[in-house]
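Participant: Line by line, the protein sequences are chains A and B.
For the first sequence, this note's numbering assigns the number 1 to the initial residue and increments by one for each residue that follows.
For the second sequence, this note's numbering assigns the number 1 to the initial residue and increments by one for each residue that follows.
No lab work stands behind these hints: they were computed from the structure.
Check each hint, because a few of them may be wrong.
Which copy? The list can't say, so a pair holds if one copy fits it or any two copies do.
[Claimed, not checked] Here are the simulated SDA-like cross-link-like pairs (lysine to any residue), alpha carbons at most 20 Å apart as the crow flies:
(1) LYS169 <-> PRO220
(2) LYS169 <-> THR129
(3) LYS169 <-> GLU109
(4) LYS92 <-> GLU102
(5) LYS2 <-> LEU78
(6) LYS92 <-> ARG47
(7) LYS169 <-> SER200
(8) LYS169 <-> HIS114
(9) LYS169 <-> TRP221
There are 2 protein chains.
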Amino acid sequence: MKLATARLSLVPLDPDADAEALHTAYGDPEVMAWWTRPETASAAETRLLLAEDNAQSGAMLWTIRAENDTVVGLVGLLGAVEIPGLTWILAKRAWGRGYATEAAAAVIEHAFVHVGLDRVEAWVQASNTRSLAVCRRLDMTCRGMLAQRYTHQAHPHEVVVLGRTNTRKRQEPSPVLHVEPVLPVADVPATLELLQPILSARVGFAVGEPIEVAGLVLGPWSVGPSLRLVTASQSQSGPVTLALDVGTEFDSLYQRAIEAESGQVEPPVEQPWGVREFVFQLPDGHRLEFSAPA
Amino acid sequence: MKLATARLSLVPLDPDADAEALHTAYGDPEVMAWWTRPETASAAETRLLLAEDNAQSGAMLWTIRAENDTVVGLVGLLGAVEIPGLTWILAKRAWGRGYATEAAAAVIEHAFVHVGLDRVEAWVQASNTRSLAVCRRLDMTCRGMLAQRYTHQAHPHEVVVLGRTNTRKRQEPSPVLHVEPVLPVADVPATLELLQPILSARVGFAVGEPIEVAGLVLGPWSVGPSLRLVTASQSQSGPVTLALDVGTEFDSLYQRAIEAESGQVEPPVEQPWGVREFVFQLPDGHRLEFSAPA
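One chain only, chain A, in its complex shape (with noise of 0.2 Å):
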């Protein structure tokens, strides 16, 4: 089904035909800085990757065609994942003129309208400006983060998760806002001293005094992940694992851990999954395993 806005017309992508025109953004270095897979080397190339992408469950793609029917760019959502993620692309003659954000306007509009979707994702790489830019645009807001890296990249990137939903459609509340995972230890004071610097966390409340009990926020804001520390006479729980992602950091924690007065540290390993992992052991027997993408 073609669409259309204001300015350009989204037409069902046929690999075939559109490979030549597309190859100028596949083929461009500086467009695909921000994507999965470095540029393609031939029209060819740019053919079969888009004939994959168009093969994947569930993709619609299309073409964003500008003035004289030029084809710009590729828009649309992704096959093949769980949660609809919205996908595009323009070559560098097309930027700046707000062609991301109308094409994936449009593709967002059918989604909800006619395919009846729930929500689109977009991913978006934390340093990638433009397209938050264009996220922001299209009233996409962050739902969290995670960490991902490219296997063309020799480092792994924090990725910005942001999301839309269907408000044609009734919304169900959140049932669950936040899980907080709750370690007993036999000395909450020794094991905040023991976890700040290494998590680079910090106190969001304390009670008792000496502190009985007490909230690690792992991040700078009110929200975001935590833990909770608590006497262990007050619980029946045995040692607790934790698996913490942590993403672009996973060098200097292991330096952070591994200088820590107390608690045994696993060197990493490489997991067969493509993640990085280290065990830091608290005292208590608590397991926090650390892992990044490999």
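The hints should help you fit chain B onto chain A, whose structure is shown.
Facilitator: Quick look at chain B alone, frame taken from chain A:
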């Protein structure tokens, strides 16, 4: 210190001199619908409230003055908060002109350039679309959600915490992006079947046939509160306690918990610190402590 914008001047609050003019905002039920307290009954009560707010440690409050130096509202930074918190209020007659955005932008600029703050935060009721739009225009993005109940209201509501960092300062990358507690259970598939409907959760990943490890995502997005189930023999952990903030969904979650086929429910109790809690204990002994504002 006075601040000036294109259309407005911001003059440090003087509760005695400004109470009368500001009472058109604080005394108006429509303006106060999103506030932490009901409207004030008189200019004298407004003066008391302003004096209290102004006296909080670290508070920086300015009256917003439009044409002819008329006071149309208040803007500034809250005192006695751990993360600097933006606040604003506008008399109804001054709505819809972008005054809140213009005034708050000047306050943020002042806070970043002259005070040298690292970040500012705003807490906005999730259904307050006007204030969320102000935050969007101020480049404040969502950092998380929490639940609150104002003492004059019958029910709790969801609050969006939005924030903006001072990009003039060196930004620390987020050390920990996410914390996922790991629950060892005898039977992962049975536990999934038990927990999914109670928590409105979806399975983010599953390993093994039958499933030996699974990630439960507690929300509709790719990221969000989550927990991991592992087959008990793979782990040395004992029973785990998790504190779950369930916002407005306390009663429906409790209903689903007592209708579950297994597990034990302890009935809701009201804690002296202003929250309601109920505990759902899994067959493996793990305790899920659900809490919401009382």
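Participant: So, for every hint listed, does it hold in this structure?
Facilitator: Quick rundown of the hints versus the structure:
Taking identical chains as interchangeable, the C-alpha atoms of LYS169 and PRO220 lie at most 20 Å apart only when they sit on different chains, with a minimum of 14 Å there against 34 Å within one chain. With identical chains, the CA atoms of LYS169 and THR129 are at most 20 Å apart between copies only, with a shortest distance of 17 Å across copies and 30 Å within one. Taking CA atoms no more than 20 Å apart as the test, LYS169 paired with GLU109 passes inside one copy only; the shortest distance there is 13 Å, against 38 Å between copies. Taking CA atoms no more than 20 Å apart as the test, LYS92 paired with GLU102 passes inside one copy only; the shortest distance there is 16 Å, against 33 Å between copies.
Taking identical chains as interchangeable, the C-alpha atoms of LYS2 and LEU78 lie at most 20 Å apart only when both belong to the same chain, with a minimum of 17 Å there against 51 Å between chains. Taking the shortest alpha-carbon separations for LYS92 and ARG47, only the intra-copy value of 19 Å comes in at or below 20 Å, while the best inter-copy value is 57 Å. When the C-alpha separation of LYS169 and SER200 is checked against a cutoff of 20 Å, the pair qualifies only between copies, where the shortest distance is 17 Å, while the shortest distance within a copy is 40 Å. Only within a single protomer do LYS169 and HIS114 lie at most 20 Å apart by alpha-carbon distance; the minimum there is 13 Å, versus 45 Å between protomers.
Proximity of LYS169 to TRP221 under the C-alpha cut-off of 20 Å is restricted to the inter-copy arrangement: shortest distance 16 Å between copies versus 31 Å within a copy.
Hint compliance for this structure: every hint is met.
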